[in-house]
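Visitor: Here is what each chain is made of, one letter per residue.
Protein chains: 4
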Amino acid sequence: MPIDLRHDPAVVELVEKTERFVREYVLPLEDANAGDITAAGGDDLRREMNAKAKAEGIFAPHAPVEFGGLGLNMTDRAPVFEAAGYSTFGPVALHIGAPDEGNVHMLAHIASEEQRHKYLAPLATGEVRSGFAMTEPAPGAGSDPNALRTQAVRVDGGWKINGKKHFITGAEGAGFFIIMARTAGSPGDRGGATMFLAPADTPGITVGRHINTIDKAMIGGHCEVTFDDLFVPDADILGEVDEGYRYAQVRLGPARMTHVMRWLGAAKRCHDVAVDYVSRREGFGGRLGDLGMIQQMIADNEIDLAASRALLLKACHELDLGNHASDETSIAKTFAGEAYSRIADRSIQMCGGLGVSADLPIARLSQELRPFRVYDGPSEVHRWAIARRAVGRAKKAQAAAAAK
Amino acid sequence: MPIDLRHDPAVVELVEKTERFVREYVLPLEDANAGDITAAGGDDLRREMNAKAKAEGIFAPHAPVEFGGLGLNMTDRAPVFEAAGYSTFGPVALHIGAPDEGNVHMLAHIASEEQRHKYLAPLATGEVRSGFAMTEPAPGAGSDPNALRTQAVRVDGGWKINGKKHFITGAEGAGFFIIMARTAGSPGDRGGATMFLAPADTPGITVGRHINTIDKAMIGGHCEVTFDDLFVPDADILGEVDEGYRYAQVRLGPARMTHVMRWLGAAKRCHDVAVDYVSRREGFGGRLGDLGMIQQMIADNEIDLAASRALLLKACHELDLGNHASDETSIAKTFAGEAYSRIADRSIQMCGGLGVSADLPIARLSQELRPFRVYDGPSEVHRWAIARRAVGRAKKAQAAAAAK
Amino acid sequence: MPIDLRHDPAVVELVEKTERFVREYVLPLEDANAGDITAAGGDDLRREMNAKAKAEGIFAPHAPVEFGGLGLNMTDRAPVFEAAGYSTFGPVALHIGAPDEGNVHMLAHIASEEQRHKYLAPLATGEVRSGFAMTEPAPGAGSDPNALRTQAVRVDGGWKINGKKHFITGAEGAGFFIIMARTAGSPGDRGGATMFLAPADTPGITVGRHINTIDKAMIGGHCEVTFDDLFVPDADILGEVDEGYRYAQVRLGPARMTHVMRWLGAAKRCHDVAVDYVSRREGFGGRLGDLGMIQQMIADNEIDLAASRALLLKACHELDLGNHASDETSIAKTFAGEAYSRIADRSIQMCGGLGVSADLPIARLSQELRPFRVYDGPSEVHRWAIARRAVGRAKKAQAAAAAK
Amino acid sequence: MPIDLRHDPAVVELVEKTERFVREYVLPLEDANAGDITAAGGDDLRREMNAKAKAEGIFAPHAPVEFGGLGLNMTDRAPVFEAAGYSTFGPVALHIGAPDEGNVHMLAHIASEEQRHKYLAPLATGEVRSGFAMTEPAPGAGSDPNALRTQAVRVDGGWKINGKKHFITGAEGAGFFIIMARTAGSPGDRGGATMFLAPADTPGITVGRHINTIDKAMIGGHCEVTFDDLFVPDADILGEVDEGYRYAQVRLGPARMTHVMRWLGAAKRCHDVAVDYVSRREGFGGRLGDLGMIQQMIADNEIDLAASRALLLKACHELDLGNHASDETSIAKTFAGEAYSRIADRSIQMCGGLGVSADLPIARLSQELRPFRVYDGPSEVHRWAIARRAVGRAKKAQAAAAAK
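Chains as they are written, first to last, in the UniProt record's numbering: chain A, 1 to 404; chain B, 1 to 404; chain C, 1 to 404; chain D, 1 to 404.
With the rest of the complex left out, here is chain A (with noise of 0.2 Å):
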């Protein structure tokens, strides 16, 4: 049977609902407030762009059916998602944003039966939102996953939390927070992590001061977030105690390809307002978009943007088919995170004094865009992690050769 690439009708037509309900709907109000969410009305807005979603039939798009999801597989929220991420507010939109989407994966993955009723369902309905609490300030878990410092220890029906995260995403007005801290092993070495559910009410959860990052899409900040004796019963363990780190690569590889399909919309905003741009403005004698080195910059967007595209549907087959897909993801990662900033400084350049003004939405998307070369793993540990397995290929076929 031949390969198709074609995605089936119904999530094409979602694709166009959501195009539709995107440029109509959440681009104005993108636009009307600079891209700045909590200035636009944070929960509020997010609230009232949820509800438009649901009547529109495509909130949720990746949930489980059964919270009130379509519960589409990776391969076909690849292009939703991008529709969606056209506009900076289009995840808030759809609830399709960091971290909830990632967390609604992982919880319909691992959560226990009492825990789907007590975080996933709320979750996944919009009822609340969550926190991921896994990156630590320095000397703490940052790139290294390894350096994790925040400490869960053994106490009478549960375990007791103490720690410093940062860089916290949501953190602001979450319902509850999965925590990843500590139970086995010293900061350096692996040992062991567990997840750890929290309602944000629990004593001993304070969430800090916003840092004051150049993205400003992401409802509810990047926050420092502290725990002081956190208690956390047993039956808010996560899935096993010491097997954090296994869970965490459940989420991440996922959540890196939504990060992608996200993104890859508002690169592709970048690409179309400047190509539209050259299109009208004349200069040297002609317009602008038929000028060489214009015309050098348009294309090489668009094969930024198909690569980006290729690569991501090639891991979220990957994911679909049940892999680990390491390889792959950090591949799409690492290329996408780098193409996009490379589209949006294009675009920037097209577009001239313009450009880097507040006139175009470019120079804002650049901002948006800049971090995800360092969110969800720096282009560096995606390079090491990929060249480290490409030489432990080679040496297995060394030994093997050997071996004859």
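Keep in mind that the hints were calculated from the coordinates and are not lab data.
One should not assume that every hint holds.
[As the list claims (entries may be wrong)] With the C-beta cut set under 10 Å, the calculated list includes, among others, these residues of chain B facing chain D:
id, residue
1, ASP229
2, ALA358
3, GLN367
Using N, Cα and C, we set each Cβ at its ideal position, and we do this for glycine too.
Here the structure of chain A is known, so what remains is to put chains B, C and D in place on it, guided by the hints.
Guide: Same frame as chain A, but now just chains B, C and D:
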């Protein structure tokens, strides 16, 4: 129905057979002759390798089944051709090298019944080779096909052709030529071109000097060919008069993609040789392959290979759907052409002094790969076409918006 | 006599004084205000900083000695301006920011005795600021100066000017404007342009909205300015009628180089902050700054800084010799503009999450540096000019060879 | 006193003489032999060209005046060597090729009076050629000099040397060798190395196979050389025992810069050929050289040439001041090595099909230029050294700040 990127098991098996055949039989021939197929025996070697490939059941996988081929579509050709291209002699061995492979493809689509018998059958079975005589020396048709100067004039019962071609791959020893000649308009404007078929021994055809290019793996060289009052009867017109540019597009899209497939194999080999090298060699207190800057090169090679493969698949799928796929093939060709040079260059660098020597095959493979950024349309021409279409779409959208 | 690249000891001492002044006094002001000079106090702050710089003997090092400046040539300005630019407030503090610095330079070359008194003297001493009104919104003069639309028509005793400008740096609060207006020909052809001087409070001059660009360190913003029947008497014509394009070149070459100098300081700061960070931070079993991929970024920054500085010196030297130095200034501007963005980007990446936050100054410095690839001629226009001259030289050589 | 970058008129005249000599006499010899100096006659041709260069008064411009050279410092060598390098045979013609030029330089600094007579005099005058035997096959001293394995052991009246070298440039036909051998410590740690002088016909020296590298312009090849119980008397120790690494640095800094000079000429030639081509050739309704994407390549070549030249001048000046200039030479070497490959690659691309053929010299010049990124320390090793020094400076500054 979810998207599925997996090849049919029969294709997977064909790929594995091809890989084994290339590794065990073809690669040693290539290496023993430093990749120079003429020095290695030229057509004698080709016949020998073809016989072997037939015996293995992997000969001409792209050719129509009626002529003994396997009738693979473009998507399925991709991994098979890549496996063949792992040796630069592999495409000749399987009879899927340029220009024969593209000529088979075009004749299968356009040739009359009689022409199928006279030209396609012996070509598909490897009885003869062929040439595609389109490119001309300056100021004729090179990157800009509209500059076509070779002239065909109507005479009794057929056409008389005069002109000069160059870079005609495989001309030396070819059994027949497909000739592109102007039948309407003047050089510089589009006008009309027509394709003609002519046995190589027809009076008026002279194969001149081999242009000494840096690639050495294409059988029959890149030659100058002159037509002096060459007579072609009406029966040997390929398709319709004045439709040559259109047919050229039919040929060029798929032909570009099979270039991408074959050279992907060669690029993969550069990478494999380099990773093998840095996995063995020690320096700076450890294994070279564990140094960060080497890891970066390894990872970038992996990314470039994956992106080339993903873009290729997308373009092949569009072609299989019967679309022109002008954008998709231009994008895949441009990206891959440049990626292969990067891969070869990084692979050289990883191997240091040996990388720039004949002790490893990378330096000469780099010479095989470099011309791909020029052949079949330089990157600049493809970028120009990609950009023109993007600007065209923007103008159309502007007009549609204005019409509202 | 051998070439000597060492600056005079007096210049070296001036550089050291400037470095100390910037580090101890200016940088804290910048950082306390997140680099926004308007928020920091605008002209009030400027006067305060200027007084301090005067007290240190480092004020206006480029201005003619007769007006209290130090009269440095271009070559000697380079390290002083770089030292000032280490803080984005530094150029304002020393009164060497755009556009005043370039306006002083141009007036010193072209102004009549009366104009020197009326305009140059108060500008050079920092009593007033100035604007350079050349750039126009589409379809007027942007990258393509020939598109100039602002019109000056001859009236009794002077000229009447009508037109619209934008991106006029420093317009808000400027004491006077240098205005470029068409006095011959039509928009699109070259024709003639003339430069006019006009006090900012002359009837007919309206400073409109500030264009909200991503850079925040230029005092007086980037504004829209409208001229409605603005009358300029003959005495306030700067230089000769119809010679405006030529004078613009006189101004633009050096003005480009002082941009390169100032922003070199800001790029250097990005690098210093990043190297300091990776020299402290641990991860992956060692210091981040010892990881190969980080080392690559550090080294590439060092290379980019050194090359920018070396190209700058060469261009300045040519200008000091009295040459047009069109090639040298275009090359230095293009290379440096792009290098600074690369440096800022790598510096962000080295600092990970903090790199994309306001906890470190790199992200906002990156926003200051980005527009330089657009301001003062986008890279594409400079490349176009460089290439045209190279092709011109080749044609000339061909003609000379043919004439033999 | 203002900085002056102009060369002394005598140097300017020497450059012009060299340009004329190369253009009229040397270049035709190179082109007639496709750049292969061995095929062109090897040492016979060298003697012939040397005699001619002597007659022109341009022979050995770097050699001490006492031996008939012109005694130029590094800064003045730069334009002369560039002019010579415009032909790949030029450096041999002027006797300023590797390794002789670097060996003359080092002997002039370190050799004893007797050694000046015995080794330096015949070398400087071109009576003999020489080899510099440092690099070893894996696991010996390659990019990592500490891996040195060739061993010298104290014997009565001198030293006995055993070991294997490779990539020894000019070994075939050399009159003597400078040999780097370990006299203290073990492979992997630094320990001590010593330099020895030995006539090529000393028993125990065997020049083995030529490694078949892609560059063909260095006389005497890149050879394997073996030392079997080679006896070197104390009088032929070059400098002090155990000081070899220090002397190697003395040689390597300047030797790197003269590589940068010579290959700058070859890179310039690539560019000149390409610009000449695109200035003549028509296509797409105009001259190729007027197309935007071609203009971009032309401009980028001009920028790369200018930046290489500017960094070279800076590094040479530091060396002339007697500084180690480790950073400056590493930066110039790394940037130029990579720039030359980019220049050659763009030049090929501009010339399309002819660019990848032997009809133009660019493709083979590209092969001459590629190894420079590996020879004399690969780019990665230089970047590593640059970064280590930058981090070292940061640590020092942190310590100084902490000490306050």
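Visitor: Each of the hints needs a verdict: does it hold here or not?
Guide: Evaluation of the provided hints:
Interface hint status for ASP229 of chain B: violated, as the beta-carbon distance to the closest one in chain D is roughly 27 Å, over 10 Å. For the restraint placing ALA358 of chain B at the interface with chain D, the shortest Cβ-Cβ distance is roughly 4 Å, inside the 10 Å limit, so the hint holds. Using the Cβ-Cβ criterion of 10 Å, the hint placing GLN367 of chain B at the interface with chain D is satisfied: the shortest such distance is roughly 8 Å.
This entry does not satisfy hint 1, going by the numbered hints stated previously; all others are met.
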